[in-house]
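Student: What follows is the residue order along each chain.
Number of protein chains: 2
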Amino acid sequence: MTSIRPRPATITDIARQAGVSTATVSYVLNDAPAGARIPEETRARVRAIADELGYVPHANARSLRTGSRDLVLYVHFDVVHGPLATGFLYGFTRALRDLGYTLMQYGAERHRGVKAARSWAALRPAAVIAGDDRLTPAGVALLLKAGIRVFGMGSDPAAAKGTGLSTLIMDHRAIGLAAGRDLLERGYRDLAVVVPVDPPLRVMGEGRLEGVREAAAEVGASVRVHEMEYSPGSAAGIVAAWGEEGLPEGVFGYNDEFAGLLLGALLDAGVDVPGRVGLMGADDVMLCRMLRPTLSSVRVESESPEEIARRVVASITEGTEVHLSPWSPVPVRRQT
Amino acid sequence: MTSIRPRPATITDIARQAGVSTATVSYVLNDAPAGARIPEETRARVRAIADELGYVPHANARSLRTGSRDLVLYVHFDVVHGPLATGFLYGFTRALRDLGYTLMQYGAERHRGVKAARSWAALRPAAVIAGDDRLTPAGVALLLKAGIRVFGMGSDPAAAKGTGLSTLIMDHRAIGLAAGRDLLERGYRDLAVVVPVDPPLRVMGEGRLEGVREAAAEVGASVRVHEMEYSPGSAAGIVAAWGEEGLPEGVFGYNDEFAGLLLGALLDAGVDVPGRVGLMGADDVMLCRMLRPTLSSVRVESESPEEIARRVVASITEGTEVHLSPWSPVPVRRQT
DNA sequence: TTGTACGCGTTATCAG
DNA sequence: CTGATAACGCGTACAA
Numbered sequence: 001m002t003s004i005r006p007r008p009a010t011i012t013d014i015a016r017q018a019g020v021s022t023a024t025v026s027y028v029l030n031d032a033p034a035g036a037r038i039p040e041e042t043r044a045r046v047r048a049i050a051d052e053l054g055y056v057p058h059a060n061a062r063s064l065r066t067g068s069r070d071l072v073l074y075v076h077f078d079v080v081h082g083p084l085a086t087g088f089l090y091g092f093t094r095a096l097r098d099l100g101y102t103l104m105q106y107g108a109e110r111h112r113g114v115k116a117a118r119s120w121a122a123l124r125p126a127a128v129i130a131g132d133d134r135l136t137p138a139g140v141a142l143l144l145k146a147g148i149r150v151f152g153m154g155s156d157p158a159a160a161k162g163t164g165l166s167t168l169i170m171d172h173r174a175i176g177l178a179a180g181r182d183l184l185e186r187g188y189r190d191l192a193v194v195v196p197v198d199p200p201l202r203v204m205g206e207g208r209l210e211g212v213r214e215a216a217a218e219v220g221a222s223v224r225v226h227e228m229e230y231s232p233g234s235a236a237g238i239v240a241a242w243g244e245e246g247l248p249e250g251v252f253g254y255n256d257e258f259a260g261l262l263l264g265a266l267l268d269a270g271v272d273v274p275g276r277v278g279l280m281g282a283d284d285v286m287l288c289r290m291l292r293p294t295l296s297s298v299r300v301e302s303e304s305p306e307e308i309a310r311r312v313v314a315s316i317t318e319g320t321e322v323h324l325s326p327w328s329p330v331p332v333r334r335q336t
Numbered sequence: 001m002t003s004i005r006p007r008p009a010t011i012t013d014i015a016r017q018a019g020v021s022t023a024t025v026s027y028v029l030n031d032a033p034a035g036a037r038i039p040e041e042t043r044a045r046v047r048a049i050a051d052e053l054g055y056v057p058h059a060n061a062r063s064l065r066t067g068s069r070d071l072v073l074y075v076h077f078d079v080v081h082g083p084l085a086t087g088f089l090y091g092f093t094r095a096l097r098d099l100g101y102t103l104m105q106y107g108a109e110r111h112r113g114v115k116a117a118r119s120w121a122a123l124r125p126a127a128v129i130a131g132d133d134r135l136t137p138a139g140v141a142l143l144l145k146a147g148i149r150v151f152g153m154g155s156d157p158a159a160a161k162g163t164g165l166s167t168l169i170m171d172h173r174a175i176g177l178a179a180g181r182d183l184l185e186r187g188y189r190d191l192a193v194v195v196p197v198d199p200p201l202r203v204m205g206e207g208r209l210e211g212v213r214e215a216a217a218e219v220g221a222s223v224r225v226h227e228m229e230y231s232p233g234s235a236a237g238i239v240a241a242w243g244e245e246g247l248p249e250g251v252f253g254y255n256d257e258f259a260g261l262l263l264g265a266l267l268d269a270g271v272d273v274p275g276r277v278g279l280m281g282a283d284d285v286m287l288c289r290m291l292r293p294t295l296s297s298v299r300v301e302s303e304s305p306e307e308i309a310r311r312v313v314a315s316i317t318e319g320t321e322v323h324l325s326p327w328s329p330v331p332v333r334r335q336t
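For the record, the sequence lines run as chains R and Y. Here the first sequence stands for residues 1 to 336, where the numbers follow full-length UniProt numbering. Here the second sequence stands for residues 1 to 336, where the numbers follow full-length UniProt numbering.
Everything labelled a hint here was simulated from the structure, so no lab data went into it. Only a predicted model underlies this, so the values are computations on that prediction, with no experimental measurement involved. From the three backbone atoms N, C-alpha and C, an ideal C-beta is built for every residue, glycine too. No false leads were mixed into what you were given.
FRET-style restraints, in silico, Cβ to Cβ:
1) R7/Y x G162/R: 18 to 26 Å
2) D268/R x G243/Y: 27 to 35 Å
3) V330/Y x R276/R: 33 to 41 Å
4) L64/R x A23/Y: 18 to 26 Å
5) E306/Y x A34/R: 48 to 56 Å
6) A34/R x P200/Y: 42 to 50 Å
Chain Y stretches covered by chain R per the calculated footprint, using a threshold of three residues with CB under 8 Å from any CB of chain R:
7) 6-20
8) 53-65
9) 105-111
10) 120-133
11) 258-265
12) 288-299
Please model the entire structure based on the sequences and the hints provided.
Tutor: Next comes the structure, spelled out in structure tokens:
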């Protein structure tokens with residue numbers, strides 16, 4: 001007597017036990033109008049058996065039959081999500097669920113381009129949201145051809161326009177612009193900007209840098225650029241370099257974490273912050289209020305996840321291309 | 001002339017265009033032994049058409065037919081994942097993929113117990129990994145009955161033993177024990193511990209507290225407990241209370257973030273850290289090295305994600321209950 | 001209420 | 001040797 005591994009109950013199991021057809025079971029469990037005149041006694045019996053068997057409909061089989069797609073695939077960047085992104089993702093997930101879609105996060109994808117696209121397409125999602133580092137024109141084309149909407153996170157909306165690729169971006173240039181303007185308003189004319197070397201972050205860093213440069217150009221200020229790794233040693237190296245070439249007046253540290261590392265290195269070097277050097281981060285995470293002096297930052301306010309979800313769903317159902325930029329930057333001045 | 005929404009190509013489309021049966025297409029595309037003797041010419045034609053059509057097999061249809069389950073559902077806690085958890089999750093995802101399974105993250109689940117279990121069961125995963133705040137005995141039973149393995153994150157292994165529920169836990173008691181012992185080694189006998197009020201964090205906080213208490217009991221030290229929210233105000237409140245009742249000698253701040261908030265509040269109050277008060281966080285994230293003075297912490301080293309993945313898969317294929325605790329704590333002493 | 005075709009792909013069986 | 005037929009997995013929905 002070998003114990004068999006449990007198997008999920010099927011509609012057929014229920015039909016057999018209840019002595020009715022599978023059609024009847026389906027009608028009863030779905031409260032379908034076509035089965036409206038099935039006697040209450042039968043209905044009760046079917047329901048009782050379904051319950052007893054722990055029956056749960058097979059989502060795959062159902063969607064295979066109905067042809068419905070309710071999956072939205074979210075393919076991560078390979079980086080740690082900050083509280084901002086996490087918070088948005090939660091709201092977005094919930095909002096999508098309310099609209100009848102299921103968002104699944106698909107992490108640690110090792111492929112890109114057509115290979116990645118094929119693995120996503122196999123799941124027949126209604127849409128895929130992926131970092132632009134995973135997308136290639138051929139991959140996007142494959143998905144679109146299969147009726148799967150594609151959202152590039154970070155892709156350039158101008159370049160995407162007309163290709164069918166939708167975009168969902170954080171406007172990094174705008175963040176840099178806000179930070180740069182805030183530093184310039186304080187009278188600084190000699191600015192330094194940090195750009196992460198880590199590839200997925202680098203693109204964003206360059207966008208932010210561009211914004212600072214734009215702000216600087218408005219008043220004829222200068223901008224120095226430094227590559228930085230996410231490590232105390234790299235921060236110390238930059239501060240040491242400033243010791244040689246002269247300290248900048250204002251520093252934009254890419255984000256709060258990089259800025260936090262820089263702040264530590266500046267304090268270690270005995271630099272007066274903000275007396276000698278003004279410092280800004282971005283994202284406005286709680287970290288800003290842990291550091292002393294407290295860190296100035298650029299808060300990124302997001303449009304309601306519900307609204308974004310609605311527009312994503314509209315794009316899915318209408319098969320149209322949309323370009324969403326749910327974030328807007330606001331400087332927050334603190335002690336640095 | 002209405003443009004029809006693109007539809008994914010099916011095996012039937014290919015068969016029609018190639019003038020062969022769907023069986024032939026299937027054999028060719030899968031390099032099945034049964035189709036080994038299909039002439040190269042036909043094979044090439046089928047492959048070319050599949051390629052041209054952008055054909056990708058329908059994963060659902062395939063698994064429906066073969067009965068295979070390769071999905072592992074990971075249901076988040078509703079909190080921001082730190083770098084530690086994120087890093088583990090990435091490695092774990094990759095390792096599972098190498099073993100033929102796909103890990104999907106399912107966030108912002110609004111249900112718990114049987115309701116949640118039903119929504120997971122509908123996806124027919126091979127296993128579900130969920131926070132114990134989402135699991136109830138009835139829910140677990142439903143899943144097990146359907147042949148779906150269940151891993152409770154944070155569930156008590158002792159309580160689970162024999163019920164079929166597997167566990168995957170971080171040993172919070174051990175973290176508190178390590179922190180407590182480190183503080184006591186420095187000679188502190190008047191300890192304070194912070195416990196977050198936020199429900200999902202509270203459980204972990206209580207586990208860590210228990211560990212500190214255990215350490216304190218070994219040498220007869222005292223332990224004060226303070227509830228804390230994740231806000232600068234709450235930290236300031238606690239420090240103010242210490243002003244009234246007297247400062248503790250050593251503080252365990254639950255984790256680095258809560259400790260960082262406390263550090264800021266202590267410095268604001270003019271308290272000498274670590275001269276007057278020693279402070280420890282936990283998790284050892286980069287934040288520790290941004291703060292000045294740099295924060296002592298408890299690093300949590302995880303067993304290799306590959307090894308954990310192997311054991312999870314073994315549990316799935318053999319249908320056995322396992323209890324994994326892939327983390328071990330190591331104190332890291334810095335300036336605080 | 002039931003029989004059954006269908007959605008998509010796999011595979012054992014059978015025929016030219 | 002080459003390849004088609006058909007049953008099947010699970011649930012839905014139309015015709016009877």
